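Enquirer: These protein sequences, in sequence, are chains A and B. Start counting at 1 in the first sequence, then tack on 3, and there's your number in the numbering used here. Start counting at 1 in the second sequence, then tack on 3, and there's your number in the numbering used here.
Hint data in this document are derived by calculation from the structure and do not stem from the laboratory. Given the structure is predicted, the values throughout are model-derived calculations rather than measurements. Be aware that one or more of the hints could be misleading.
Because identical chains share one entry, a pair is satisfied inside a single copy or across any pair of copies.
Here are the simulated SDA-like cross-link-like pairs (lysine to any residue), alpha carbons at most 20 Å apart as the crow flies [claimed, not checked]:
#: 1; residue 1: LYS209; residue 2: ARG91
#: 2; residue 1: LYS120; residue 2: LEU60
#: 3; residue 1: LYS207; residue 2: GLU173
#: 4; residue 1: LYS41; residue 2: MET53
#: 5; residue 1: LYS41; residue 2: ALA216
#: 6; residue 1: LYS207; residue 2: ALA44
#: 7; residue 1: LYS209; residue 2: GLY171
#: 8; residue 1: LYS41; residue 2: PRO65
#: 9; residue 1: LYS209; residue 2: SER29
#: 10; residue 1: LYS41; residue 2: ALA132
Here's the letter readout for the chains.
Number of protein chains: 2
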Amino acid sequence: MTTRFGILVFPNVQQLDLTGPYEVFSAVRDAEVHLIWKDLAPLRSSTGLMLTPTATLEDCPPLDVLCVPGGGGVNPLMEDAVVLDFLRRRASEVRYLTSVCTGSLVLGAAGLLVGRKATSHWNAHDLLAHFGAIPTQGRVVRDGSLITAGGVTSGIDFGLVMVAELFGREAAESIQLAMEYAPAPPFQAGTPDEAPPAIVAATKSKLAPSRQAREEIVARVMRSRVTS
Amino acid sequence: MTTRFGILVFPNVQQLDLTGPYEVFSAVRDAEVHLIWKDLAPLRSSTGLMLTPTATLEDCPPLDVLCVPGGGGVNPLMEDAVVLDFLRRRASEVRYLTSVCTGSLVLGAAGLLVGRKATSHWNAHDLLAHFGAIPTQGRVVRDGSLITAGGVTSGIDFGLVMVAELFGREAAESIQLAMEYAPAPPFQAGTPDEAPPAIVAATKSKLAPSRQAREEIVARVMRSRVTS
Numbered sequence: 004m005t006t007r008f009g010i011l012v013f014p015n016v017q018q019l020d021l022t023g024p025y026e027v028f029s030a031v032r033d034a035e036v037h038l039i040w041k042d043l044a045p046l047r048s049s050t051g052l053m054l055t056p057t058a059t060l061e062d063c064p065p066l067d068v069l070c071v072p073g074g075g076g077v078n079p080l081m082e083d084a085v086v087l088d089f090l091r092r093r094a095s096e097v098r099y100l101t102s103v104c105t106g107s108l109v110l111g112a113a114g115l116l117v118g119r120k121a122t123s124h125w126n127a128h129d130l131l132a133h134f135g136a137i138p139t140q141g142r143v144v145r146d147g148s149l150i151t152a153g154g155v156t157s158g159i160d161f162g163l164v165m166v167a168e169l170f171g172r173e174a175a176e177s178i179q180l181a182m183e184y185a186p187a188p189p190f191q192a193g194t195p196d197e198a199p200p201a202i203v204a205a206t207k208s209k210l211a212p213s214r215q216a217r218e219e220i221v222a223r224v225m226r227s228r229v230t231s
Numbered sequence: 004m005t006t007r008f009g010i011l012v013f014p015n016v017q018q019l020d021l022t023g024p025y026e027v028f029s030a031v032r033d034a035e036v037h038l039i040w041k042d043l044a045p046l047r048s049s050t051g052l053m054l055t056p057t058a059t060l061e062d063c064p065p066l067d068v069l070c071v072p073g074g075g076g077v078n079p080l081m082e083d084a085v086v087l088d089f090l091r092r093r094a095s096e097v098r099y100l101t102s103v104c105t106g107s108l109v110l111g112a113a114g115l116l117v118g119r120k121a122t123s124h125w126n127a128h129d130l131l132a133h134f135g136a137i138p139t140q141g142r143v144v145r146d147g148s149l150i151t152a153g154g155v156t157s158g159i160d161f162g163l164v165m166v167a168e169l170f171g172r173e174a175a176e177s178i179q180l181a182m183e184y185a186p187a188p189p190f191q192a193g194t195p196d197e198a199p200p201a202i203v204a205a206t207k208s209k210l211a212p213s214r215q216a217r218e219e220i221v222a223r224v225m226r227s228r229v230t231s
């Protein structure tokens, strides 16, 4: 029986948030991986790589797994009624609702994280609390049928966890082997705890404008929810 | 000054071989990342993801780094005179000639690995010897200005090594932090040495047709070289 994975794709998505789990999902026997957006026109990811949707929000078939990746492009999505409606509608139908990186902020804006444990990119992790989520440390965080992953590269770990959940450990191990996923980062700098303090400060400073824009959007989303 | 990265893209490329280093390279300040192919029409990667070239073999600007990713699509490339000529011409002009996964087989077919240490996906590693290379174990293997990486996900490690080489360790660490690259594979199965023997046997069996096709092509390439 075909297993259907759907990954939301949108302008300024962080492409590796999407392409990491895509590679894992597409290695599953008899799987379909759909890239879902409002229309099928190619769109530009945050770093320039063009991505081509394969299904629309309206015509996408029923999904087993729905995944929302992150990136700069999540900012407008948090206030996009069409996208939020799609997520709310599908959330009740899929077997697993999932996200990578700041994709969890979009799930939060859709009201789908209330009282649920969730994670996000380290630079957005605390913002989850504004949506009523329980911000939880972990590269892949599971709360029942909700699975959220940390920043960018955690999407690969998430993909393997998801495949193990659906098809068993051996299916995931075989994909891990085929992808030669025995990572050897040249430096210890992947989290704020591990990276040298000067690197953390410089990186936070570089990400500050995006972080501030996000804070404002999250506040606006929550205000509109209270008053609506 | 702009740093120009060029990554070859081709039908049936393994998309994560390409999208991993793409994400790292594109995070460099004042960088251009070109996806290079014969024309600019979108093409299908081995798992279905569509990729859109941004420069042609003919009009691509001078590059600092040229990278050849791998995947099922390398098989025809090993006998594609247009691609091999491009690689030979550019190899003498770039600062670094690089590959991810089975992309090194294409460098080998172009005659660019003779007497050089190189690596590849574990299931193709030994084939490098046919091209006169010195097959060398390592997730990222350096021989002067030649840098080759192992299978698929090693492209992320390679990307960071490359950025550290070009711009220093701190530039790479900042990108690693922004990508939250503190990998946590859920299983120990990323290499034939680490994976359970039954998984290795099943995965090799699944990859056997591609492996056999590759052996035949490599033999044909070397015969044609001897007789020409």
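Enquirer: Give the relationship of LYS209 and GLY171 under a CA distance limit of 20 Å: within one copy only, between copies only, both, or neither.
Expert: So LYS209 and GLY171 pass the 20 Å test across copies only (18 Å; inside, 41 Å).
Enquirer: From the Cα coordinates, with 20 Å as the cut-off, is the pair LYS207 and GLU173 best called within, between, both, or neither?
Expert: between (39 Å within a copy, 14 Å between copies)
Enquirer: Could you figure out if LYS41 and ALA132 sit no more than 20 Å apart (CA to CA) within one copy, between two copies, both or neither?
Expert: This pair counts as neither: shortest intra-copy Cα distance 29 Å, inter-copy 49 Å.
Enquirer: Indicate which option fits the pair LYS120, LEU60 if close means a Cα-Cα distance not exceeding 20 Å: within, between, both or neither.
Expert: neither (26 Å within a copy, 49 Å between copies)
Enquirer: How would you label the pair LYS41, ALA216 (within, between, both, or neither) given a Cα cut-off of 20 Å?
Expert: Classified as neither: same-chain Cα gap 24 Å, cross-chain 41 Å, threshold 20 Å.
Enquirer: Can you give me the call for LYS207 and ALA44, within, between, both or neither, at a CA distance of at most 20 Å?
Expert: neither (33 Å within a copy, 38 Å between copies)
Enquirer: When no copy is named, should LYS41 and PRO65 be tagged within, between, both, or neither for a Cα gap of at most 20 Å?
Expert: Within. Shortest intra-copy distance 16 Å satisfies the 20 Å Cα cut-off; inter-copy 37 Å does not.
Enquirer: Can you give me the call for LYS41 and MET53, within, between, both or neither, at a CA distance of at most 20 Å?
Expert: Both ways: LYS41 and MET53 sit 16 Å apart in one copy and 17 Å across, limit 20 Å.
Enquirer: Since the copies are identical, ignore which copy is meant and state whether LYS209 and SER29 lie within 20 Å (CA to CA) inside a copy, between copies, both or neither.
Expert: So LYS209 and SER29 pass the 20 Å test across copies only (15 Å; inside, 34 Å).
Enquirer: Could you figure out if LYS209 and ARG91 sit no more than 20 Å apart (CA to CA) within one copy, between two copies, both or neither?
Expert: Result: close neither inside a copy nor across copies, 33 Å intra and 39 Å inter.
Consistency note: the structure conflicts with the earlier hints numbered 1, 2, 5, 6 and 10.
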